[in-house]
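Construct the entire structure; sequences and hints are all you get.
Protein chains: 2
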Amino acid sequence: MSAPQPPADEVRRWDSSKVKETGTKLKALGRHLVCELSGCRPSLLSDINGIAAMMIEAAKAARATIMESAFHRFEPQGVSGTVILAESHISIHTWPEKGYAAMDFYTCGDHTDPWLACEYAAKTLRATSVLATEFKRGIEKSGGEFTHVLTRNHNVLSA
Amino acid sequence: MSAPQPPADEVRRWDSSKVKETGTKLKALGRHLVCELSGCRPSLLSDINGIAAMMIEAAKAARATIMESAFHRFEPQGVSGTVILAESHISIHTWPEKGYAAMDFYTCGDHTDPWLACEYAAKTLRATSVLATEFKRGIEKSGGEFTHVLTRNHNVLSA
Chain A
1 MSAPQPPADE
11 VRRWDSSKVK
21 ETGTKLKALG
31 RHLVCELSGC
41 RPSLLSDING
51 IAAMMIEAAK
61 AARATIMESA
71 FHRFEPQGVS
81 GTVILAESHI
91 SIHTWPEKGY
101 AAMDFYTCGD
111 HTDPWLACEY
121 AAKTLRATSV
131 LATEFKRGIE
141 KSGGEFTHVL
151 TRNHNVLSA
Chain B
1 MSAPQPPADE
11 VRRWDSSKVK
21 ETGTKLKALG
31 RHLVCELSGC
41 RPSLLSDING
51 IAAMMIEAAK
61 AARATIMESA
71 FHRFEPQGVS
81 GTVILAESHI
91 SIHTWPEKGY
101 AAMDFYTCGD
111 HTDPWLACEY
121 AAKTLRATSV
131 LATEFKRGIE
141 KSGGEFTHVL
151 TRNHNVLSA
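Residue numbers (my numbering), protein chains in the order written: chain A, 1 to 159; chain B, 1 to 159.
Honestly, the hints are just simulated from the structure, not real lab data.
Values in this document were obtained by computation on a predicted structure and should not be read as measured data.
This list has only true hints and no planted wrong ones.
Identical copies look the same in the list; a pair holds intra-copy or inter-copy alike.
In silico PhoX-like cross-links for lysine-lysine, where the CA-CA straight-line distance does not exceed 20 Å:
(1) K136 <-> K27
(2) K98 <-> K123
(3) K98 <-> K27
(4) K136 <-> K98
(5) K98 <-> K141
(6) K123 <-> K60
As structure tokens, this is what we get:
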């Protein structure tokens with residue numbers, strides 16, 4: 001259910017030394033979307049295999065590389081899962097009885113785009129509403145301290 | 001390295017029907033802390049077994065129940081991992097060369113407290129600075145739409 005990926009030991013974590021400060025852009029290690037997907041089709045939110053396949057495709061949509069994954073199906077319903085990426089992670093928790101999925105799309109590196117993963121997931125789960133807040137994470141201040149900033153609050157994707 | 005946990009098939013996901021609206025508190029399914037831990041001891045951030053053990057104890061500190069876990073050690077350094085909880089998840093991504101760990105503590109239910117997991121992790125990794133932003137997630141609006149709200153922005157824990 002996924003295209004061939006390079007063997008895990010050939011994949012190196014996305015290298016933080018590649019971060020470039022360009023213009024007025026914040027120098028951040030990654031972007032993290034905190035997303036609420038509503039109006040999803042309940043049967044899709046209960047299907048652990050379908051969700052695992054969706055997560056793999058979502059990672060590919062974001063141009064990220066999957067290193068590990070873990071999924072769990074709850075009784076009587078609900079699925080939780082994570083794919084660990086070379087560039088951070090994507091996670092999901094579903095409430096089929098409410099048509100609701102809480103998802104996170106967190107990717108590092110300029111080559112990735114977590115919004116593409118979010119859009120893929122929303123489409124696949126047949127979400128009618130997606131609310132997303134975006135952070136830039138891993139912003140190094142003076143003294144070696146790291147912070148994050150909220151860059152888009154309550155961004156609503158069209159269904 | 002962990003106290004006995006009930007077998008996975010006896011554990012049910014935290015039940016959303018238990019959510020109570022009390023006083024002026026928002027009726028939310030869960031709380032999610034987005035955290036940046038700085039000044040951590042680099043050797044601790046490279047030790048995949050130590051990090052896995054820390055995550056188990058952090059989940060216990062939050063009074064959460066672990067269902068699944070996945071960890072990956074990158075070359076030349078860095079560890080990523082997630083523990084999937086009956087109540088959502090805890091995740092970590094480490095940059096030992098920067099003494100930095102990006103962590104998420106996301107728990108559902110009134111019986112859990114993600115701040116306790118955050119404090120445990122910060123102490124164990126010897127963080128000198130912890131910056132955390134808290135969301136309440138899974139807030140049901142009229143029409144079956146879900147949203148989140150930012151409840152604490154850039155909360156700094158003392159070292």
